[in-house]
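Dock the two chains into a complex; use the hints.
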Amino acid sequence: MTSDRQTETEPSAYRATPARRALAFIRNTWRGLTSMRTALILLFLLALAAMPGAMLPQRSLNEPKVREYIAEHGWWGELLDDLGFFAVYGSVWFAAIYLLLMISLVGCLAPRSVEYFRSMRAKPVLTPRNLSRLPHHATGTVAGDADDVFAAARSRLKGWRTTERDEGDGYKSISAEKGYLRETGNLLFHFAMLGLIIAFAVGKMVTYEGQVIVHADGSEFCNSGIYAYDSFNPGLRVDGTELTPFCVRVNDFEPTYTDIGQPIEYRADIEYSSGDDLATNTWRPYQLEVNEPLRTAGDRVYLLGHGFAPVFTVTFPNGEKRTKATQWRPADQTTLLSDGATKFDPPGITDSEQRRDKQLAVTGLFAPTPVFNGKILSSAGPRLTDPAVAVDIMRGDLGIDSGYGQSIFSIDQSQVEKGALERVARENLRVGESITLEDGTEVSFDGVRRWVSLQVSHDPTQVWVLGFAVAMLVGLALSLLVKRRRVWVRVAPAADVEGGGRTVVEVGGLARTDQAGYGDEFDEIAADLLNQDTRSP
Amino acid sequence: MPVDETLSRFSDWSYNTATLIYVLAMVFFAVEQAFGRAGRLRAERTAAPRRELVGAAASGPSDPASLTPTSNASGASATPPLTPAARRSTSRAARFGRMGVSLTVLAALLHLAALVLRGLATSRVPWGNMYEYMMAVCLIAVVTWLVVLRKYPSVRHLSAFVLLPVVVLLFIGGTMLYATAAPVQPALQSYWLIVHVAAAIVSSGMFLVPGVASVLYLMRAAHESNSSRFAKLAGHLPGRQVLDRVSYRTTVLAFPIYTFGVVCGAIWAEAAWGRFWGWDPKETVAFVAWVVYAAYLHARATAGWRGKPAAWINVTGFALIVFNLFFINLVTAGLHSYAGVG
Ligand code: HEM
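Here the protein sequences come in this chain order: X and L.
The opening position of the first sequence corresponds to residue 1 in UniProt numbering, with each subsequent residue numbered one higher.
The opening position of the second sequence corresponds to residue 1 in UniProt numbering, with each subsequent residue numbered one higher.
Because the hints were derived from the structure by calculation, they are not lab data.
Quick reminder that beta carbons are idealized off the backbone N, C-alpha and C, glycines included.
Treat the hints loosely; a few may be bogus.
Stated by the list, open to error - Distance condition first, Cα-Cα at most 25 Å in a straight line; then the derived DMTMM-like pairs of lysine to aspartate or glutamate:
| # | chain 1 | residue 1 | chain 2 | residue 2 |
| --- | --- | --- | --- | --- |
| 1 | X | Lys204 | X | Asp166 |
| 2 | X | Lys123 | X | Asp169 |
| 3 | X | Lys343 | X | Glu427 |
| 4 | L | Lys151 | X | Asp520 |
| 5 | L | Lys151 | X | Glu521 |
| 6 | L | Lys151 | X | Glu524 |
| 7 | L | Lys151 | X | Asp523 |
| 8 | L | Lys151 | X | Asp528 |
| 9 | X | Lys178 | X | Asp166 |
| 10 | X | Lys65 | X | Asp82 |
| 11 | X | Lys65 | X | Glu209 |
Claimed, not checked - Every beta carbon over 12 Å from chain L, so not counted as near; a handful from chain X, in silico:
| # | residue |
| --- | --- |
| 12 | Ala24 |
| 13 | Leu100 |
| 14 | Met120 |
| 15 | Gly225 |
| 16 | Ala228 |
| 17 | Glu242 |
| 18 | Ser274 |
| 19 | Tyr286 |
| 20 | Pro293 |
| 21 | Ile349 |
| 22 | Leu377 |
| 23 | Ala390 |
| 24 | Ala425 |
Stated by the list, open to error - Here are the computed distance ranges between Cβ atoms for each label pair:
| # | chain 1 | residue 1 | chain 2 | residue 2 | range |
| --- | --- | --- | --- | --- | --- |
| 25 | L | Ala179 | X | Val371 | 35 to 41 Å |
| 26 | X | Ile26 | L | Met176 | 56 to 62 Å |
| 27 | L | Lys151 | X | Leu181 | 20 to 26 Å |
| 28 | L | Arg150 | X | Arg121 | 37 to 43 Å |
| 29 | L | Val331 | X | Gly467 | 32 to 38 Å |
| 30 | L | Ala222 | X | Gly168 | 26 to 32 Å |
| 31 | X | Ala96 | L | Ala222 | 35 to 41 Å |
The following block holds chain L by itself, in its conformation from the complex (with noise of 0.2 Å):
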């Protein structure tokens, strides 16, 4: 299995330029934001009542038994009224928000590219190594992100607090964790890894958005008890409706995707190292990002525990999924870590 030096460097140009496009969208969402804000917070002034209303009735437990007018201005909150001036400037800001889609969506491409290109270049899958795996990842957030904006057009200003963890973490995975193209051991060649480690990220993927969303939610309740705090930032986030909302419908996309990934993981350690179930730390780390993402679907559905209190444990989620794949593969020695950096 020789592996082809040509594709691999053009994968490694597609990285690197995807990485600075999604920079430059950021910027340009940034540009968003922060035009976007005069408009929006004098269209929030003339709309005052309207959003109270709106605010109440998020506030307002999702009972489902309940026949409450929950969601009649249900999904992107009523748009109130702009007033001429404030319209100009949310357009102009539009457009910037509209060529950071486009950018994202040029880089997603390009990301994609690479990813290929890797695995054309070691004909194999392109998850063998922690290097593309993080690659991976980032692709699947930021697709999945790009479904979310399909569906709720609201957000789309907030584009740079998703693309801002997938910049990091690709910049680490391109410096820190960069490993050249090569092919895998032995251990790493079955189905079932293949099938598995894709689940892994797909689900990994998809849950940094509503780590994003509920870090957001947080800040903004932060900042609805006392409007001191994150005054820059939280301002002009969308109510905490919305990026509940956004958390909890990926979330539950994503968790049966990972609970599947998880039970991949033990069919493939049943067939590679005698046992289905170790606790390993990898494993183990794994079983306990997946309880306490239970925990949050139950906290969800507890009176008391909705809001605030779930969307910290949707962020302790994230956070131990994000841990498993750094401190697990680098710094523990487990029966996973041979998966880790080339």
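Pulled out of the complex, with its shape left as it was, chain X reads as follows (with noise of 0.2 Å):
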């Protein structure tokens, strides 16, 4: 064990020449930086330095609340963002700590290891002159020979790790010593923590996960590019041109709830191929849920949430037909009332001027279980009974032209502003039903769909981690549960004794760690020892 050691002063004969101080700084701050002391310290700067990751909002986890907390605090806000503490994890101080943490680990490792495997070959040490001084301690009188009671005192420490040695004048001992699984136990613990961090600091390079919405009726997304996401976030290391190719087909999507909607299992019927099967378009069934995520091709699929897709049909005055089912997202978690907008450009127009003035985008609200107050629409749970929609029917120039991507989800407020997007109705619908627009236009609410949101994960390195934590936890019980005991065991014949066959026996014990919890087995190995009479040698 490495425990503090004090660097001297050096003898005054000694002469500082400046290369001998440069190489002292250098060992002071190595004995310095690999003392127990400081691994203490780095310890409790981690535990302090992760703990702002708890109690701020973190970049990784929720931007918009980060900008929140940000404008709310002003000045204050901005100092903490400036410092990092709304990217914790990754912030240099934070960084900073545990390098210095692992290179005191290494450098307590490394001379632990020397020292482990020295002791490996070492003896137990020598059986100490007063066994009566020692913690356990016990002697008594037994009957037999000195020779045959050592014979038996060195059966019975089967399994010890012995030394024996003739101290002379008829004076015999044995030293003894068990537990070293804990010293190995706890340097597994510290190699393995070593990997495990490091195994996690590759990962943080090597892994990406992306997120994309697919509709329950047989649409497709393949993992082909960054391009067919909705959002993709890649690992330091990941440009996204070699992403591992694989292919699902999502075919259904079921959800099931108690009575009072409390959603009780989420399912989608899937299939995927991967690897081989893309060469022959094979596709394997899988059930995706929730705690089961699809493995193949070393990538992991998720599934994320789901929710509804509205079909609406547009009849153009000319007669021309658009259907679209575009997703709409679930503005209550539990009840799944949905906002959205689906749009559509008008058919046969190739003047672009004039194409822009007549697009139509059906926006509003999606409730699989409706309850209407009055004119307004709420939903009164995630089931699928009778649904309905409220919604405009705006027209105009989407904008969508302008450049700039917009939302699936929403139009774009500042066309409405600047009067270029109209609403030219606004109306409750159920399955069915239409609305027909003053030109001739009809609008009418089809049905609804279900789609579900997938994520990709791709993480080579989380099968090391898994491992290094396995043997941390390995090593861990060993170090914690193990303990490093030494008994020593000296006999000589009886003096006092007529005829001989009475032989002395003493027995000392002591635990290296922790003494609690020894006294038994020192106990049971004394009374073996000093009541040979039962047992014949």
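As structure tokens, then:
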């Protein structure tokens, strides 16, 4: 064990040349850094530094909340932002602490490993002269020849690492030691932790995560590039060019609920094709559930969420029809009241100016289990029971061609403010109902489809992390639960008994780590050794 | 999955009764503490020199390699000879203490019944919301303490200090966090969740005992350096060595279980949320608490950090566990909050 080593000042005869001083400085820094006390302080710093991540909103988890926080707290918020408090685990100071801790760990482990291998070959220490000074001690006189008693002691201590010594004057002793697994476990634990930290750091480089919405009507998604995703978070070393190819087809999605609308189960009925199956166009079925991601091609596909896509058909005055089912997003997670915008381009108009005046958007609310309060629509639960929409029909220039990307869930409000987009109708519709606009255009609400949102995660290092975590657990258990303990036995022929045949046995014991709990084992050994009359050697 | 209302009602009844019996047991232990005091004080006066010796050994480092006679008188401190009057008053007090233990066992059985009935009522493991979680944690804390009592009978009169936080938590659970029996959401239906939460419950419950023992240690230490501090309470606490040992032995068992719980949580998160670790507030505080307990184990092996600093660290660790349970579930909005108040 490396405890605190005080660096001593060198004797005065020693001339401190600059080179030596530099060397001494390095050595002292190294010793300081790898001492137990430094490790302890670094552990505290790590704990302290991790805390703000739990108390302040974090970019990686909730970007809007961070912006809100900064806006609310003015200069204080900006200061925190500059210091990296909204991205604690990527901040310089957090990295500095754990890097120092890792150096400390390596510096601590290296000498201990050397020491460990040396001690693995070392013999147990000599028997102390005075065993009665030990924490555990017992003595007695037993029947039998000193040699026989000694042999019996030897066989009782089977499984212990022992060394024997003839101390002269008829005295013979055994030193025995057990519990080396403690140190093994301790080293295993610390090395595994080192491995885990490294694997975790590498993971941050090579992982990616992408989210995508897929309609549950046989639609497909292929992991072919970043463009296939609605959002994509690459690791530091991922540029999105080498994604593992595989495809997923979502055939159906059916949630089950309790009577009061509490979800019991979400299950998406999917098929997937990956690896060699891609070439042969072979699809394998899978039931995707919340806790059962699809694991294929080294990637994982998760079922993150679900929602509705109302189906609208627009019949234009010239008789042409357009049908669209755009996903709307759940505004309320318990009742799945959703909002969104389904956008249409008029057919048969080639002039882009004209077309822009005639674009249509159906926007508003969708309720799976509708409840009307007067004309106000809300939802009583997530189940599809005679769904309804409350929609505004907007006509004019949607602003899609403006060059700015716009959300698929909403219309561009600035177009409305500019007067470029106008509301031409407002209505509540059930499935099968329709609205006819003043120019003869008819908008009908035909039904509803479901969509699921999927997440694809790629992290080749996570099995390593798991492996190291398991090794840590094993090491920890060994290290904390195994006791390093010693026992010494000294025998000598009893001097005062005529004719011999009696032997004085003295037993001493010491637990090297924590005395509690060793007493019982020691007492058993001592009892066995001191009651040998009944057991023939 | 219908909920059995009758069983659920029986569960509530057991819960309330168990809480009341814990309170009663606390009274008994307090009586033992108070009446036992006079006798023990007298005993301590007669045995002052002897105590000195034990105390000296206790403050010496438990240096693994040293051959000093650290614990020939280890474990339960050697009981000094008592005067007859002292013996009478301590034995009467001891009777109260034993009755307190019996009551605690009875309450623990009812407590267990409350938990099992909850599980039967909802046909799932009974740790699906904060109320049930709290109930289970308290049960583990009590059971841990009963086990400690078997190993260290001399600390029995401290039972009231352990039951106090238990009763407070049960009261908070029963009034503010109470949730009617109901099934859990899809994300919470997983084997890993069962194992993860079970490990979290067992370790958190066990950590309560060293937390309390460390507080008592600090009170005792403060009293020893200035006898006017905590004069009423600390005067008859057991030696620092015993308190330290109770803390250490329990922490050493609870820590690997806690670590196992965190690992299971990561495995579950990988399956449920798409990543095994995401610095969600709950994960973060669990990590911080883990680091603090690791620091505790280091402190006990570092010169100058044993004793009081180590006790402070242990108390901090438990404070973080409690903080994680209340603050994170109730105040912040992380992925975990949906496991919160039903
Ligand atoms: C990265 C941060 C670290 C963590 C989380 C950590 C954690 C732990 C834990 C949980 C234990 C108790 C289990 C056991 O005995 O094996 C322990 C023990 C130990 N650690 Fe660390 N450790 C860290 C870094 C270090 C460093 C840098 C050193 C060396 C300076 C060190 C030296 C030791 C020693 C000597 C023990 C044995 C203590 C004893 O005998 O009770 N550890 N560590």
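Tested hints:
1. X:Lys204 / X:Asp166: With Cα atoms ~61 Å apart, Lys204 of chain X and Asp166 of chain X exceed 25 Å; violated.
2. X:Lys123 / X:Asp169: Within the cut-off at roughly 23 Å; holds.
3. X:Lys343 / X:Glu427: The hint holds at about 17 Å.
4. L:Lys151 / X:Asp520: holds, 12 Å
5. L:Lys151 / X:Glu521: Answer holds: Lys151 of chain L to Glu521 of chain X is near 15 Å, not above 25 Å.
6. L:Lys151 / X:Glu524: Roughly 18 Å separates the two Cα atoms, so the pair holds.
7. L:Lys151 / X:Asp523: holds, 16 Å
8. L:Lys151 / X:Asp528: Distance of about 24 Å is within 25 Å: holds.
9. X:Lys178 / X:Asp166: holds, 22 Å
10. X:Lys65 / X:Asp82: holds, 16 Å
11. X:Lys65 / X:Glu209: OK: Lys65 of chain X and Glu209 of chain X at ~21 Å, within 25 Å.
12. Ala24: The assertion about Ala24 of chain X holds, with a minimum of 23 Å to chain L.
13. Leu100: At roughly 14 Å from the nearest Cβ of chain L, Leu100 of chain X sits farther out than 12 Å, so the non-interface label holds.
14. Met120: Met120 of chain X clear of chain L: closest Cβ-Cβ about 17 Å, beyond 12 Å.
15. Gly225: holds, 20 Å
16. Ala228: The claim stands: Ala228 of chain X keeps its Cβ more than 12 Å from every Cβ of chain L (closest is about 17 Å).
17. Glu242: At about 20 Å from chain L, Glu242 of chain X clears the 12 Å cut-off, so the statement holds.
18. Ser274: About 18 Å separates Ser274 of chain X from the closest Cβ of chain L, which puts it past 12 Å; holds.
19. Tyr286: holds, 15 Å
20. Pro293: violated, 6 Å
21. Ile349: The claim holds: Ile349 of chain X sits with its nearest Cβ about 44 Å from chain L, beyond 12 Å.
22. Leu377: Label holds. Min Cβ-Cβ 26 Å, cutoff 12 Å.
23. Ala390: holds, 29 Å
24. Ala425: About 39 Å separates Ala425 of chain X from the closest Cβ of chain L, which puts it past 12 Å; holds.
25. L:Ala179 / X:Val371: 35 to 41 Å: violated, 26 Å
26. X:Ile26 / L:Met176: 56 to 62 Å: holds, 57 Å
27. L:Lys151 / X:Leu181: 20 to 26 Å: holds, 23 Å
28. L:Arg150 / X:Arg121: 37 to 43 Å: Since the Cβ atoms of Arg150 of chain L and Arg121 of chain X sit about 41 Å apart, the hinted range of 37 to 43 Å holds.
29. L:Val331 / X:Gly467: 32 to 38 Å: holds, 36 Å
30. L:Ala222 / X:Gly168: 26 to 32 Å: 54 Å Cβ-Cβ, so the 26 to 32 Å window is violated.
31. X:Ala96 / L:Ala222: 35 to 41 Å: holds, 36 Å
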